[in-house]
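Asks: Just so you know, the protein sequences line up as chains P and B, in that order. Take the first sequence: its letters are residues 1 to 169, numbered as in my numbering. Take the second sequence: its letters are residues 1 to 155, numbered as in my numbering.
Since the hints were derived computationally from the structure, they do not count as laboratory data. Predicted model only: the values in this text are computed from it and were never measured. All C-beta atoms in this analysis are idealised placements derived from N, C-alpha and C, irrespective of residue type, glycine included. It is possible that part of the hints are untrue.
[To be verified] Derived contacts from chain B toward chain P, CB cut-off under 8 Å, selection only:
{"#": "1", "residue": "Pro50"}
{"#": "2", "residue": "Leu135"}
{"#": "3", "residue": "Arg150"}
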Amino acid sequence: MRSLMGAMTGRLLSDRYRGLKLALLGLIYLGLAVYYQAGRPDKGAQWERVFRWAAAPGLYQGRSLGLTQARVGRLLPRDQGAVVLVGPPKVEVTVLGLTKGRPGQLVDLRASYQGGAAFVLEEARLHVAPRWLKLGVSLLAAALVLLLFFRTFSFKPGRDALSRTRAKR
Amino acid sequence: MPDLMTHLLIPWAVGRTAAWDRPRLAIFCLGAVLPDLVSRAPSIALGRWPEAASIFSAFHTPIGVLILCLGLVMIFPEQERARFLSWLLTGAGLHLGLDLLQLTVRSDNYYWLFPLTFKDFQLGLFWPDQTVLALPGLMILVLAAELLRRRRGRP
């Protein structure tokens, strides 16, 4: 069984019909991506969902929606709640009951839909680290890993596009 | 998702402690950041066009990662591919394992059993943004791994 698996892997990874195999992998992924897009329960970005729900309020009233990395915009008077900004277009959403957090702070929350752009808070959690810090360290990590990769392997034109010419042990 | 630095430092510490050679470490670390690099990075860059960004989202599922790794190893010499594939997949598996441990308000981006089902689940041990606070501790872990390696006489 193990040798059969080995032989199959060997054939799959061989140079024979390499272009065809790559094209097939691409096609399989494309099929999966289309299925992913069409089949996932919550389609689109969260700000798109807010628009969709607001367009047909009767359909979604009372349903719960999770919003991540929403930015607290302004607090409503008398501790009624807060207006949060969602997504890159900064869609304004009123969250009744959201009393913690200060303007500019990131919050993850779950709230039930009340119609328009208003929600009632179910649970909320304020971020402990700013988004720029997370993005910054992530960018640094991506640069480091690519640097390590390209210092270990170098390009050589031909059938084997990359070869281990600069590998250090 | 935890930040990418957490996804890099953990495999780095593992690889250095285990005294892996540089190609293995480089490929393992690449595998460990690959799912976010090819799915989350486009979704941040294409934030205003979520439909375009979602084309890459399936790369953050086990089947998507497998397809990506199979395609990626084809750029290496034929005799190295099987080994490199196993290292890439181990790194990517570590990434997905770490993502599985977290807790989010909406977990609809983690379809572990895709395309069989769109059911999502997480183990809920930490919040994604909390990993940034753990970075100093992870850096100490990496330093300890480096010191251990040097004490063994491997620079």
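Asks: Would you list, in rising numerical order, the hints stated earlier that this structure does not obey?
Replies: Those not satisfied come down to hint 3.
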